[in-house]
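There are 2 protein chains.
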Amino acid sequence: MRSTLSVLSLRFMYLLALCGMLFSGGCASIKPDPLPSWNEGPTKQSIVAFVARVTTPGSPDFVVVSERIATFDNDGTLWAEQPLYSQLFFVLERIKVLAPRHPEWKTTEPFASVLNGDVKGALSGGDKAIAELIGATSTGMTSVEFDAMVTQWLATAKHPRFDQPYTSMVYQPMIELMTYLRANGFKTFIVSGGGTAFMRPWTERVYGVPPEQVVGSYGKTQFELRDGKPVIMRLPAIAFIDDGPGKPVGINEHIGRRPILAIGNSDGDLQMLQWTAGGSGARYMAFVHHTDGVREWAYDRDSSIGKLDKGLDAAKANGWTLFDMKRDWAVIFPFQR
Amino acid sequence: MRSTLSVLSLRFMYLLALCGMLFSGGCASIKPDPLPSWNEGPTKQSIVAFVARVTTPGSPDFVVVSERIATFDNDGTLWAEQPLYSQLFFVLERIKVLAPRHPEWKTTEPFASVLNGDVKGALSGGDKAIAELIGATSTGMTSVEFDAMVTQWLATAKHPRFDQPYTSMVYQPMIELMTYLRANGFKTFIVSGGGTAFMRPWTERVYGVPPEQVVGSYGKTQFELRDGKPVIMRLPAIAFIDDGPGKPVGINEHIGRRPILAIGNSDGDLQMLQWTAGGSGARYMAFVHHTDGVREWAYDRDSSIGKLDKGLDAAKANGWTLFDMKRDWAVIFPFQR
Numbered sequence: 000m001r002s003t004l005s006v007l008s009l010r011f012m013y014l015l016a017l018c019g020m021l022f023s024g025g026c027a028s029i030k031p032d033p034l035p036s037w038n039e040g041p042t043k044q045s046i047v048a049f050v051a052r053v054t055t056p057g058s059p060d061f062v063v064v065s066e067r068i069a070t071f072d073n074d075g076t077l078w079a080e081q082p083l084y085s086q087l088f089f090v091l092e093r094i095k096v097l098a099p100r101h102p103e104w105k106t107t108e109p110f111a112s113v114l115n116g117d118v119k120g121a122l123s124g125g126d127k128a129i130a131e132l133i134g135a136t137s138t139g140m141t142s143v144e145f146d147a148m149v150t151q152w153l154a155t156a157k158h159p160r161f162d163q164p165y166t167s168m169v170y171q172p173m174i175e176l177m178t179y180l181r182a183n184g185f186k187t188f189i190v191s192g193g194g195t196a197f198m199r200p201w202t203e204r205v206y207g208v209p210p211e212q213v214v215g216s217y218g219k220t221q222f223e224l225r226d227g228k229p230v231i232m233r234l235p236a237i238a239f240i241d242d243g244p245g246k247p248v249g250i251n252e253h254i255g256r257r258p259i260l261a262i263g264n265s266d267g268d269l270q271m272l273q274w275t276a277g278g279s280g281a282r283y284m285a286f287v288h289h290t291d292g293v294r295e296w297a298y299d300r301d302s303s304i305g306k307l308d309k310g311l312d313a314a315k316a317n318g319w320t321l322f323d324m325k326r327d328w329a330v331i332f333p334f335q336r
Numbered sequence: 000m001r002s003t004l005s006v007l008s009l010r011f012m013y014l015l016a017l018c019g020m021l022f023s024g025g026c027a028s029i030k031p032d033p034l035p036s037w038n039e040g041p042t043k044q045s046i047v048a049f050v051a052r053v054t055t056p057g058s059p060d061f062v063v064v065s066e067r068i069a070t071f072d073n074d075g076t077l078w079a080e081q082p083l084y085s086q087l088f089f090v091l092e093r094i095k096v097l098a099p100r101h102p103e104w105k106t107t108e109p110f111a112s113v114l115n116g117d118v119k120g121a122l123s124g125g126d127k128a129i130a131e132l133i134g135a136t137s138t139g140m141t142s143v144e145f146d147a148m149v150t151q152w153l154a155t156a157k158h159p160r161f162d163q164p165y166t167s168m169v170y171q172p173m174i175e176l177m178t179y180l181r182a183n184g185f186k187t188f189i190v191s192g193g194g195t196a197f198m199r200p201w202t203e204r205v206y207g208v209p210p211e212q213v214v215g216s217y218g219k220t221q222f223e224l225r226d227g228k229p230v231i232m233r234l235p236a237i238a239f240i241d242d243g244p245g246k247p248v249g250i251n252e253h254i255g256r257r258p259i260l261a262i263g264n265s266d267g268d269l270q271m272l273q274w275t276a277g278g279s280g281a282r283y284m285a286f287v288h289h290t291d292g293v294r295e296w297a298y299d300r301d302s303s304i305g306k307l308d309k310g311l312d313a314a315k316a317n318g319w320t321l322f323d324m325k326r327d328w329a330v331i332f333p334f335q336r
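In order, the protein sequence lines correspond to chains A and B.
Residues in the first sequence are numbered from 0 upward in steps of one, following numbering that gives the first Met the number 0.
Residues in the second sequence are numbered from 0 upward in steps of one, following numbering that gives the first Met the number 0.
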C-alpha cells in the first residue's frame with residue numbers, strides 16, 4: 000500500500016511538473032494575469048470573455064486555431080502618433096540630411112518649409128506633399144539599404160516630448176494583448192497605413208509580429224541584377240495605400256482570411272472593423288480612444304492626425320468596444336511603469 | 000536500493016513517453032523516413048544535409064527559426080501544369096458556363112475559339128488573351144463568391160489525362176518535403192504566377208500552406224458596403240503579376256524576408272532562385288526537372304508551358320540542384336502509390 004501511494008505521489012509530482020512546463024494554460028491557480036497593465040473593469044473583462052468564447056472546445060463560438068486572425072492598426076493603436084507619425088519624423092530628418100545634395104529644395108515646396116522648420120506649412124500640401132517627401136527620402140535605394148537606414152535612425156532618434164526612442168513609444172497594454180492572443184492560438188497581424196518597409200525592421204523585436212505579418216502601404220519596387228548581384232530597387236511611385244477602404248483590400252490580398260478581431264484608433268480603421276464585423280460567428284472590434292492628455296494625448300473627432308469621428312459613431316451604433324486609455328490602462332508606455 | 004531503482008525505472012518510462020510525445024525529433028532510432036517518396040541518392044542527401052546544416056545549434060550555418068523561410072512555385076513544382084495550367088481549365092469551363100449570357104462571344108476572340116473547342120487558337124493571343132479570359136470569368140463578383148466557385152469546380156472537375164481531381168495532381172515528394180521542412184521549423188510559402196484567390200481555397204488542406212502564406216498574381220479589388228453588408232469586389236484589372244522578376248518583388252512585399260530555400264521548375268522561377276541565392280549563409284535552390292514522360296510529362300527547354308531553359312543553364316552554372324523526377328522520385332502523384 001505504501002509503495003502504491005508513493006508511486007501515485009511521484010506520478011502526481013510529474014503531473015504537476017508537466018502542468019507547469021507544458022500546459023500552463025490549464026493550471027489556472029498558478030497562472031499570472033496576462034494583462035497586468037489593464038485596469039479591472041468591463042473592457043478587460045470583454046477581452047478575456049471573447050478569448051474564452053472562441054478558444055473553449057465545445058463552445059458554440061469555438062474557432063479553430065487557423066482562423067484565429069487578429070489585425071491591429073499601428074499608428075495610434077500600438078504606438079503613439081502625436082504630434083506627428085513617427086515615419087514622418089524619419090522623413091523630415093532625412094530631408095535635412097539629404098538637403099546639401101539638393102540645393103533646389105531651398106526654393107521648392109514642400110521641401111523649403113521643412114528646411115525652414117515649418118513642418119505645419121510643409122504638410123499643408125496634404126497627401127501629395129507627404130508622398131513627395133516620402134518619395135524623395137525613401138526611394139532610389141535598395142530594400143536592404145532602406146532597412147538599414149530605418150534601423151539606424153530608430154537606434155538614435157528620440158521622441159520630442161518624451162525623449163524616448165520611438166520604439167519605446169509603444170502601448171504596454173496592447174503588447175500584452177497581442178501576447179495574450181498569441182498564447183491563445185491567434186496569429187497577430189499589423190494592418191497599417193504606414194509604410195510596410197518602415198515597420199518590418201523592428202516589429203518582431205518590439206511587438207513579436209514577424210515581417211510577413213506586417214501589412215502596410217508600399218511603393219513600386221523592381222528586381223535588378225547589379226553587377227550580377229540581385230537587388231530590389233525602391234521606385235518613386237506608390238503601389239498601394241493601406242488605409243480606410245484599402246485596409247480590407249490589404250487584408251484580403253495579404254492574409255486571405257477575414258479577421259475575427261480587429262483593433263484600430265481612427266476613421267482610417269473603420270472599414271477594417273466593418274469587414275471584420277461582417278463575418279459570421281464571434282467577433283471582437285475595438286477602437287483605442289485617446290482620452291489621456293496627461294500620460295499621452297487626448298484627441299478624437301477634431302484631430303488632424305488620428306481623427307476618430309465616424310468611427311466613434313459606428314462603435315456606438317454597433318456595440319464595438321472603446322479602449323479608454325485613461326480609464327482602462329494602468330500603464331501606457333513601458334517606460335512609465 | 001530496490002525502491003531507488005524502481006523510481007529510476009519509472010522516471011525512465013516517463014522520459015521515454017515524453018520523448019515519444021514531445022521530442023520525437025531527438026529519438027533518431029525510432030524516427031521514420033520523412034521523405035519516403037524520394038529515392039536514395041545525392042538529391043535526397045542534399046536536402047537532408049541542408050536541413051541538418053541550418054537547424055543544428057552550434058553549426059556555423061545555423062539559422063534561427065524565424066529566418067527559415069522556404070518558397071515554392073506551384074504550377075509544375077507542387078502540382079502538374081500539363082497539358083494546361085489547372086487555372087486555365089477552370090477559366091475555360093467558366094467561359095462555357097457563362098456563354099449563354101454573352102452571345103457576342105461567338106464572334107469575339109479569344110472567346111469564339113474557346114467555344115469552338117480550339118484552346119490552342121484561343122491561347123495564341125498570348126498573355127493578353129489569357130488576361131481577357133480571366134477577366135471575363137473571375138471578376139465582377141465578390142471575393143467570397145469567387146472562393147465558393149473555385150471550391151465547387153475543384154470538387155467535380157477531373158484532369159483530362161489522369162481522370163483525377165486537380166487537387167490530386169500534386170507531387171507526393173514535394174508534399175513530403177514541405178512537411179519535413181515545417182517539422183524543422185521552416186515556414187513554407189507558395190510563390191506562384193497563378194492567381195492568389197484561385198489557390199487559397201485549397202492550399203491549406205492539400206499542402207498545409209495557409210492562405211496568408213500564398214503569394215500569387217492578383218487583380219484589383221474594392222471594398223464596398225452593399226445594403227450595409229461589407230464585400231470585396233473583384234475588378235477586371237490586373238494589380239500584380241507574380242512571375243519572373245515579379246517573384247522577388249512579391250516575396251519582398253509579402254514576406255519581407257529573403258528565403259533560404261526556393262524551389263521552382265521554370266524560367267519564371269529563375270529570379271526567385273537568384274534572389275534566394277543572393278543572401279548570405281547557407282542556401283538551397285532547386286528546379287523540379289520534368290524528365291518522366293511515362294508517369295508525368297517530359298519537357299524543359301522547348302515547352303510553351305513551364306519552359307526551363309535559362310534556368311537549366313543557371314542551375315548548372317551555380318550548382319543548384321535538379322530534382323530529376325524520373326531518377327529522384329519513387330512516387331509522383333499520391334494516387335500512383
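Keep in mind that the hints were calculated from the coordinates and are not lab data.
Here a beta-carbon is modelled for each residue, glycine too, at the ideal position from N, C-alpha and C.
A couple of the hints might just be wrong.
Claimed, not checked - SDA-like cross-link-like pairs, simulated, lysine to any residue; straight-line CA separation at most 25 Å:
1) B/Lys219 <-> A/Gly227
2) B/Lys306 <-> A/Gly227
3) B/Lys127 <-> B/Thr155
4) A/Lys228 <-> B/Lys127
To be verified - Not the full set, but computed from the structure, chain A residues with beta-carbon under 8 Å of chain B:
5) Ser65
6) Pro210
7) Phe222
8) Pro247
Unchecked claim - According to the in silico footprint, chain A covers these stretches of chain B (three or more CB under 8 Å from chain A):
9) 205–211
10) 249–263
11) 270–278
Results of checking the hints against the structure:
1. B/Lys219 <-> A/Gly227: violated (33 Å)
2. B/Lys306 <-> A/Gly227: holds (23 Å)
3. B/Lys127 <-> B/Thr155: violated (29 Å)
4. A/Lys228 <-> B/Lys127: Given that 25 Å is the threshold and the Cα spacing comes to 32 Å, the pair is violated.
5. Ser65: holds (6 Å)
6. Pro210: The hint holds - A/Pro210 has a Cβ within 8 Å of chain B, the shortest such distance being about 3 Å.
7. Phe222: holds (4 Å)
8. Pro247: Given a least distance of 4 Å, the restraint on A/Pro247 holds.
9. 205–211: Result for this restraint: holds, n = 3.
10. 249–263: Since three or more residues must qualify, the claim that chain A covers the stretch 249–263 of chain B holds, with 6 doing so at under 8 Å.
11. 270–278: holds (count 5)
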